[in-house]
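Q: One letter stands for each residue in the lines below.
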Amino acid sequence: MEKLLVKTLLSWLNAFKFPLLCRKIGIEVPDISAQADLNRLNCRVRLTRQQKNASVVDVLSVEICGSIHAPDNGQYTTVRILVTDITDGFSTPEPVRSSVKKWRQPDSQNFCYNANLGKLPHAENTLADWLTVAKLPCNWLKLPHKGKRILEFNTSILSAAGGQELASGTCTFAYENSIFAHIDLQENIKRTKTFAVALAFAVSAADNKLYDCEVELIKNWARNNVALSKATKKERRRLEKALKKTVAFFRIGNQINCYNICKEVVEIAPVADRYDILGLCIKVAAANGTATVEELNLLKNLAHWLEIDTNRFRQMMEKILPPNMHQIEDLEVVLGITSDMSKKQTRRHLNNEYRKWNSRVTSLDPKIQSQADYMLTFIAEARSAYAG
Amino acid sequence: MTNIVGIDLGTTFSSLAILNAIGKPEIIPNADGERLTPSAIFFDEEDAELIRVGIEAINSRHLNAQRAVRWIKRHMGDADYHRTIDNKDWTPQELSALILKKLRQECSVEHGEINDAVISVPAHFDEVRRKAAMDAGTLAGLNVIAIVNEPVAAALYYATTRKVSGKVLVYDLGGGTFDVTIMNVEDRQMDIICSQGDHALGGIDFDREILALLEQNYKEKFNTELINSDEDRAKYEDEAEDIKKTLSRRRIAKKMLYGPAGSMRMEISREMFEQAISSLMSRIDILLEVALEEADIKPSGIDKVLLVGGSSRIPLVRQRLKKMFGSTPETTVNVDECVALGAALHAGLTMLREKPEQVPAGISGGLSDINLTDVCNHSYGTICAPIDKETGRRIVENRIILKKNTPLPCQASQMFYTVSKGQTELEVTITQGEDKAPEYVNKIATNKLKLPPNRPAKCPVKVTYSYDLNQRMQCSFEDVESGQALEVDLQLGQNDQMSQCDAKQKKADHLELFKVE
Numbered sequence: 001m002e003k004l005l006v007k008t009l010l011s012w013l014n015a016f017k018f019p020l021l022c023r024k025i026g027i028e029v030p031d032i033s034a035q036a037d038l039n040r041l042n043c044r045v046r047l048t049r050q051q052k053n054a055s056v057v058d059v060l061s062v063e064i065c066g067s068i069h070a071p072d073n074g075q076y077t078t079v080r081i082l083v084t085d086i087t088d089g090f091s092t093p094e095p096v097r098s099s100v101k102k103w104r105q106p107d108s109q110n111f112c113y114n115a116n117l118g119k120l121p122h123a124e125n126t127l128a129d130w131l132t133v134a135k136l137p138c139n140w141l142k143l144p145h146k147g148k149r150i151l152e153f154n155t156s157i158l159s160a161a162g163g164q165e166l167a168s169g170t171c172t173f174a175y176e177n178s179i180f181a182h183i184d185l186q187e188n189i190k191r192t193k194t195f196a197v198a199l200a201f202a203v204s205a206a207d208n209k210l211y212d213c214e215v216e217l218i219k220n221w222a223r224n225n226v227a228l229s230k231a232t233k234k235e236r237r238r239l240e241k242a243l244k245k246t247v248a249f250f251r252i253g254n255q256i257n258c259y260n261i262c263k264e265v266v267e268i269a270p271v272a273d274r275y276d277i278l279g280l281c282i283k284v285a286a287a288n289g290t291a292t293v294e295e296l297n298l299l300k301n302l303a304h305w306l307e308i309d310t311n312r313f314r315q316m317m318e319k320i321l322p323p324n325m326h327q328i329e330d331l332e333v334v335l336g337i338t339s340d341m342s343k344k345q346t347r348r349h350l351n352n353e354y355r356k357w358n359s360r361v362t363s364l365d366p367k368i369q370s371q372a373d374y375m376l377t378f379i380a381e382a383r384s385a386y387a388g
Numbered sequence: 001m002t003n004i005v006g007i008d009l010g011t012t013f014s015s016l017a018i019l020n021a022i023g024k025p026e027i028i029p030n031a032d033g034e035r036l037t038p039s040a041i042f043f044d045e046e047d048a049e050l051i052r053v054g055i056e057a058i059n060s061r062h063l064n065a066q067r068a069v070r071w072i073k074r075h076m077g078d079a080d081y082h083r084t085i086d087n088k089d090w091t092p093q094e095l096s097a098l099i100l101k102k103l104r105q106e107c108s109v110e111h112g113e114i115n116d117a118v119i120s121v122p123a124h125f126d127e128v129r130r131k132a133a134m135d136a137g138t139l140a141g142l143n144v145i146a147i148v149n150e151p152v153a154a155a156l157y158y159a160t161t162r163k164v165s166g167k168v169l170v171y172d173l174g175g176g177t178f179d180v181t182i183m184n185v186e187d188r189q190m191d192i193i194c195s196q197g198d199h200a201l202g203g204i205d206f207d208r209e210i211l212a213l214l215e216q217n218y219k220e221k222f223n224t225e226l227i228n229s230d231e232d233r234a235k236y237e238d239e240a241e242d243i244k245k246t247l248s249r250r251r252i253a254k255k256m257l258y259g260p261a262g263s264m265r266m267e268i269s270r271e272m273f274e275q276a277i278s279s280l281m282s283r284i285d286i287l288l289e290v291a292l293e294e295a296d297i298k299p300s301g302i303d304k305v306l307l308v309g310g311s312s313r314i315p316l317v318r319q320r321l322k323k324m325f326g327s328t329p330e331t332t333v334n335v336d337e338c339v340a341l342g343a344a345l346h347a348g349l350t351m352l353r354e355k356p357e358q359v360p361a362g363i364s365g366g367l368s369d370i371n372l373t374d375v376c377n378h379s380y381g382t383i384c385a386p387i388d389k390e391t392g393r394r395i396v397e398n399r400i401i402l403k404k405n406t407p408l409p410c411q412a413s414q415m416f417y418t419v420s421k422g423q424t425e426l427e428v429t430i431t432q433g434e435d436k437a438p439e440y441v442n443k444i445a446t447n448k449l450k451l452p453p454n455r456p457a458k459c460p461v462k463v464t465y466s467y468d469l470n471q472r473m474q475c476s477f478e479d480v481e482s483g484q485a486l487e488v489d490l491q492l493g494q495n496d497q498m499s500q501c502d503a504k505q506k507k508a509d510h511l512e513l514f515k516v517e
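So the protein sequences, as listed, match chains F and B. With the numbering used here applied, the first sequence covers 1 to 388. With the numbering used here applied, the second sequence covers 1 to 517.
Hints may be right or wrong, so weigh each one.
Claimed, not checked - Derived pair list, reagent style SDA-like, types lysine to any residue, alpha-carbon separation capped at 25 angstroms:
no., chain 1, residue 1, chain 2, residue 2
1, F, 119, F, 148
2, B, 436, F, 248
3, F, 356, B, 429
4, B, 448, B, 405
5, F, 319, B, 384
6, F, 344, B, 293
Said to hold, decoys possible - One side only, chain B facing chain F, incomplete, derived with CB under 8 angstroms:
no., residue
7, 80
8, 293
9, 361
10, 387
11, 390
12, 434
13, 435
14, 439
The set of hints was computed from the structure by calculation and includes no laboratory data. Heads up, the beta-carbon is just placed ideally off N, CA and C, and yes, glycines get one too.
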């Protein structure tokens, strides 16, 4: 079952070019202790730590050794360092951006470090030992993705006068990036929306019935949120196909591991997006007029797994899925009473709920008025039963 | 001489009191000699222009329930509610006006013209419902000089006629509503601390529980419904009320049920009744606790509990109060009449404040040392668009400016800021309600404040609300930099446009066509 989930999601995600799920790291990282070839320019990168003010920062030390050929003796030179992310292969490099304006290429935000290297003594120069030419704090680099990254460093020695390249060397460096990077953030947005649709279908299918109104609601949400307004016809067709496939997946009784999805959503999505997901799921449960026990239980779990504040979850439920639409009256969902509350706490909590609904009962909106009436009766019954 | 009148427009009964020559309130009996008039209306079957109000309407309801109206106060202010009789749609205000008209005309016979009056309403009534009550008075030909909260009126009467001092809790369990008011009384100085109310908790709800017992027992015995028509329902509703009253005096009430499958003798014990109303009693307990929490007083801090309203006669009510407060509640005045009597006192105090020259010396002397400090009945706020701290998104929120239960007169200000660069207009909304979520509060006025052009975002706008003793609310929205301001004046009964007043007058004239007996 789990494989089916992965398959369905993958096909879906592939359709929307989500590389995260498909990416494998296939680059061999060379051993930096290997012997350098002194007939050419070699470079290597080492991760060091540097004390900066009160904190310690990660710094990438770029070192060179080997030969540099200059047209004349006493040539003034500069060093230029370009960095690309080649985790997905040499053929598909992704740019590494600079967080420091000074170290950006003139026409883009891509990283480009330039510094004066000084005068070369001869026309033919050989550096027998490793020489540090730059110390780049890691936070200068804006990597495309989080996680283990393979970075390619291209170090060039240029003539200071004309910018002519005198020598260049390339090396790779494996770096563990612990923060979400710029492409991640864009992908996470798409990915979160995709997960929203998956979870919404899971809610719809929780009672083993996918009502047309629920499916239509989810499809419309996906059309408005997953597909961008500038999406091509082909992309839209892909979305429709993916949605159709997903409906079929759930219609035959398949289920997905909502916990795992929520876990990932919590990792990649800001809290506002998580509210949106839960909002969609509650709307789905409300779509056919009654939320079944299974749907209510799943909503409760989703709120918990998505780390949504209990009170905010209840507020959302009050607005979208009022208790008269619940197949069962769950005290925790409807009133926020939990089993660990003492009689006194329950009573106090119910008083607050009563205060809240009693002020709503004079609403000019008949729907809210009748919901408030219902709640006041329910609160009084709960008090008789649990805190009398 | 100007008559100074207070009217208790109740869910089940209404009554009218007048201030006598020395400023003491007296109940004026109706034409039948009854001190209380049932708030029931019946449209005569033979004479389309004749409308019966009171006990005759109750009796006629058993014969033709379609032409009868009861408990109309529960629908007061409900714009969607109406009763269609003889092709005319009657609003709750018009129907209530018929009750007031009967009280007014029957009192006028003996005491002369009645014009100025104070009408009492439940403490929890919002502006819309208060306004509706005033409209009903206007339609009945009254000049409604003020509206008073029922528990405040009752407390006013208690405090001026009995020795009461300290922290007083007024427990007003009427025919259709329940109010709790906590106040501080020192001699004839009364300071309201807070009021809480439940709109759907009163005698008729207890009656419904008894009715459910009757129906359930009949069905269990005969497997047939006891009630098969509106007239049956009307009859058994009254029977249920009768049983409830009996159970306040005796431990068992007996009734014969004459249903379609045969008759049966039904006995309802006090225990059965108390079991049936247990969740209603829980609701009462909650409201009491909420009021005490709001006043920040423990039950032991209450010096006296004053009972108001017919349903406060239920023994269980009194037992629970005794258990909660540790003393027997005060029942030395007639619980059915004290609201009207207090409303008349309130009318006198209002007249003294607004038109002192029209108040006879005897009355003015009788009322001179009474001082009442009321509170805001609800919270008043405005709609704003802050950034949600958790999500970082801009949200729409109701921000309370004047908090419920703030002593009157009061004033409060808050600073808000424009949202966007170059904003030239600000939509201002005055809300009534306790919630942060705008959908749960009532918007009582909206307007637009023009702002100077070409300014950055976050320009300050000062919002000030004030509420005076005469329930006039003034709201000011001021652009601090330019000094441009929008003033909104809200006064109960006087915020109508002229055209609406004309329309109201026409409706009042229309009601004149009907004969009320």
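Q: Quick one: which hint numbers does this structure break? Sort them smallest to largest.
A: 1, 2, 4, 9 and 10
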